[in-house]
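Colleague: Position chain P relative to chain S; hints supplied.
For reference, the chains in residue letters:
There are 2 protein chains.
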Amino acid sequence: MFYETGRNASVGEENTVYIGQKPTMNYVLAVVTQFNNGCSEVTIKARGRAISRAVDVAEIVRHRFIQEAAVRDIKIETEVLKGEGGSTANVSSIEIYMSR
Amino acid sequence: MFYETGRNASVGEENTVYIGQKPTMNYVLAVVTQFNNGCSEVTIKARGRAISRAVDVAEIVRHRFIQEAAVRDIKIETEVLKGEGGSTANVSSIEIYMSR
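Chains as they are written, first to last, in numbering that gives the first Met the number 0: chain S, 0 to 99; chain P, 0 to 99.
Keep in mind the hints are simulated off the structure, nothing from the lab.
Mixed in with the good hints, there may be bad ones.
Subject to a maximum C-alpha distance of 27 Å in a straight line, what follows is the list of computed DSS-like cross-link-like pairs (lysine-lysine) [said to hold, decoys possible]:
| hint | chain 1 | residue 1 | chain 2 | residue 2 |
| --- | --- | --- | --- | --- |
| 1 | S | K44 | S | K81 |
| 2 | P | K44 | S | K74 |
| 3 | P | K81 | S | K74 |
| 4 | P | K21 | P | K74 |
What you are looking at is a predicted structure, and each value in this text was computed from that prediction instead of being measured.
For reference, chain S alone in the conformation it holds in the complex (with noise of 0.2 Å):
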């Protein structure tokens, strides 16, 4: 699943974190939290006008909370959403892989 669920910034399998219309800060957490748990990747993803804010979340990650992620790589792609009707629509989305 895409779409977060929870009340706080979703966790998928995967250590990745999905972006979704929360406050950064949520999504922040999120991902130091992965970080501090362990882990040594971990995956921002989002779709549409969530994007601008998955940026913010890796930026912010590494300059203020954990200085020795990094981004390791960054990847773009067009997901294709099928509604009702046979309708489609495309959707931008990004991953970004840190890692520490």
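Modeller: Frame of chain S; chain P shown alone:
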């Protein structure tokens, strides 16, 4: 200069297209024009909320207009803007390097 000035999407030196608040297709056209004029590399730059639009532009260019264009690299960073009176604000930025 980072901000665009003209009526159309702005194209700076070094085959760079700066993404602002105009319709996405303005910037797509600017990038496609650069490639069609013989450029083998075009850089798309944006900051703040325009980052999402920059990703849209890159994806539309390579999927719909120039299939042989590829995203060679993506960089994100933080720019420090200085306001009057010495205040500063951090803003995230993205650079998407496309080549054909």
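Colleague: List, from low to high, the hint numbers that the structure doesn't satisfy.
Modeller: Checked against the structure, the only hint that fails is number 3, while the rest are satisfied.
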